[in-house]
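Peer 1: Each chain is listed here by its residues.
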Amino acid sequence: MKRWTTKREHQIYSSKLFQALCRSRRTSSSTSAKELHQTADRVLAITAKGTTRWSRAILAAPLTAGTNMKKHKKAKVTVHTRLRKPVVNREKRKLPVVERKLRALRRLVPGCRKLSCNNLLEETSDYIAALEMQVRAMTAITEFLSRGEAQAPTDRLGSIGNM
Amino acid sequence: MSGRRSRSKQSSVSSITDNQITDLVSKLQHLIPELRRRRFDKVSTSKVLQETCNYIRSLHREVEDLSDRLSQLLASTDGDSDQAAIIRSLLMQ
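Chains A and B supply the protein sequences, listed in that same order.
Those letters in the first sequence? Residues 1 to 163, by our numbering.
Those letters in the second sequence? Residues 1001 to 1093, by our numbering.
One chain only, chain A, in its complex shape (with noise of 0.2 Å):
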């Protein structure tokens, strides 16, 4: 966890993004936001070297144009409430706060709806600390990317540092 801290691997994802990015619109002629997100996680994925199981479940989804989120989206069963005992159903509702709460977790973390509640936070604690690398390294990029459309190309070198 304390890898995506560190200056090293801020660099080495955000070079490899770039990479990535640069490749991708070489071949094909314009990169979506959601192709590019995806790229962004792939790469992310690759660079916690498959040591993480939200990793290499980012690593082994396929890859898809539309929403990968939503894709588990159950529709609600209702179950006839005259055929269960009032108590029951109070049990259901009490019981879960912690256990919902668990449950929206795994659904954000990828590749975790099975895990187990310890391995879940060891997971989550991970993905939080990779995902904010993400934005730091992502907003470095963006940075460096809108400094060179009002800048000429020499000057760019020379205005590094600045961060």
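Since the hints were made in silico from the structure, they are not lab data.
Quantities reported herein were computed from a predicted structural model and do not represent experimental measurements.
Treat the hints loosely; a few may be bogus.
[As the list claims (entries may be wrong)] Pair ranges (Cβ atoms, derived): (1) A1075/B - T51/A: 14 to 22 Å; (2) S1076/B - R100/A: 43 to 51 Å; (3) A61/A - A1085/B: 31 to 39 Å; (4) T5/A - A1085/B: 40 to 48 Å; (5) A1084/B - A33/A: 23 to 31 Å; (6) A57/A - E1064/B: 14 to 22 Å; (7) L1091/B - N119/A: 19 to 27 Å; (8) L1091/B - R113/A: 34 to 42 Å; (9) A1084/B - R113/A: 38 to 46 Å; (10) E143/A - N1019/B: 40 to 48 Å; (11) R107/A - E1034/B: 14 to 22 Å.
[As the list claims (entries may be wrong)] DSS-like, lysine-lysine: derived pairs with alpha carbons at most 25 Å apart: (12) K1042/B - K7/A; (13) K1042/B - K114/A; (14) K34/A - K49/A; (15) K1027/B - K1047/B; (16) K101/A - K49/A; (17) K7/A - K1047/B; (18) K1042/B - K1027/B; (19) K1027/B - K49/A; (20) K1027/B - K101/A; (21) K1027/B - K114/A; (22) K114/A - K49/A; (23) K2/A - K16/A; (24) K114/A - K1047/B; (25) K1027/B - K34/A; (26) K34/A - K2/A.
Built from N, CA and C at the ideal position, the CB exists for glycine as well.
Since the structure of chain A is provided, determine the placement of chain B on it from the hints.
Peer 2: Same frame as chain A, but now just chain B:
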């Protein structure tokens, strides 16, 4: 230590002890900016989990926005000539 007493109350996920959850949840608490300020207050487990979910969602949104901006920037700039320069500057950061 027999920590299985909570097992009967949990139906779907078994063998979670309250102690385990609290222990790990407190670790999570340190990671979440919202909750780091209240480190010395007792924050309930469900609150920590809720804030965790919110935080992850907000990070996802941030990455989405950044992807959006980046895809626009990439479309408008001629990257090939500056590529080496940008990579070099990224590595120097």
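Peer 1: Compare the structure with each hint and give your call.
Peer 2: Hints versus structure:
1. The hinted range of 14 to 22 Å is not satisfied by A1075/B and T51/A, whose Cβ atoms lie roughly 35 Å apart.
2. Against the hinted window of 43 to 51 Å, the Cβ-Cβ separation of S1076/B and R100/A comes to about 44 Å, which satisfies the hint.
3. At about 34 Å, the beta-carbon gap between A61/A and A1085/B stays in the expected band of 31 to 39 Å.
4. Checked against the hint of 40 to 48 Å, the pair T5/A and A1085/B fails, with Cβ atoms roughly 27 Å apart.
5. At roughly 26 Å, the beta carbons of A1084/B and A33/A sit within the given window of 23 to 31 Å.
6. The hinted range of 14 to 22 Å is satisfied by A57/A and E1064/B, whose Cβ atoms lie roughly 19 Å apart.
7. A hinted range of 19 to 27 Å is violated for the C-beta pair L1091/B and N119/A, which are about 34 Å apart.
8. Checked against the hint of 34 to 42 Å, the pair L1091/B and R113/A passes, with Cβ atoms roughly 37 Å apart.
9. Evaluation of the 38 to 46 Å hint for A1084/B and R113/A yields a pass: the beta carbon distance comes to about 42 Å.
10. Separation of E143/A from N1019/B is about 45 Å and conforms to the stated range, judged on CB atoms against 40 to 48 Å.
11. Against the hinted window of 14 to 22 Å, the Cβ-Cβ separation of R107/A and E1034/B comes to about 20 Å, which satisfies the hint.
12. A C-alpha spacing of about 33 Å is found between K1042/B and K7/A, which places the hinted pair above 25 Å, so the restraint is violated.
13. The suggested pairing of K1042/B with K114/A is violated, with an alpha-carbon distance near 29 Å, which exceeds 25 Å.
14. Between the alpha carbons of K34/A and K49/A the distance comes to roughly 23 Å, so the proposed pair stays at or under 25 Å and holds.
15. Of the pairs offered as hints, the one joining K1027/B and K1047/B holds, with about 14 Å between alpha carbons and a cut-off of 25 Å not exceeded.
16. Restraint check for K101/A and K49/A: the C-alpha separation of about 29 Å exceeds 25 Å, so the hint is violated.
17. Among the hinted pairs, K7/A with K1047/B is inconsistent with the structure: their alpha-carbon atoms are about 32 Å apart, more than 25 Å.
18. A threshold of 25 Å between alpha carbons decides the hint, and for K1042/B with K1027/B the separation of about 13 Å falls inside it, so the pair holds.
19. For the proposed pair K1027/B and K49/A, the alpha carbon gap of about 23 Å is at most 25 Å, so the pair holds.
20. At most 25 Å may separate the alpha-carbon atoms for a hinted pair to count; K1027/B and K101/A meet this at roughly 16 Å.
21. This hinted pair checks out: K1027/B and K114/A have alpha carbons roughly 21 Å apart, not beyond 25 Å.
22. Between K114/A and K49/A, the direct Cα distance comes to roughly 22 Å. Compliance with the 25 Å bound is thereby established for this hinted pair.
23. Between the alpha carbons of K2/A and K16/A the distance comes to roughly 20 Å, so the proposed pair stays at or under 25 Å and holds.
24. A hinted pair counts as satisfied when its Cα atoms are at most 25 Å apart, and K114/A with K1047/B qualifies at roughly 22 Å.
25. Simply put, K1027/B and K34/A have alpha-carbon atoms about 32 Å apart, too far for the 25 Å limit, and the pair is violated.
26. Of the pairs offered as hints, the one joining K34/A and K2/A is violated, with about 28 Å between alpha carbons and a cut-off of 25 Å exceeded.
Of the numbered hints listed earlier, those contradicted by the structure are 1, 4, 7, 12, 13, 16, 17, 25 and 26.
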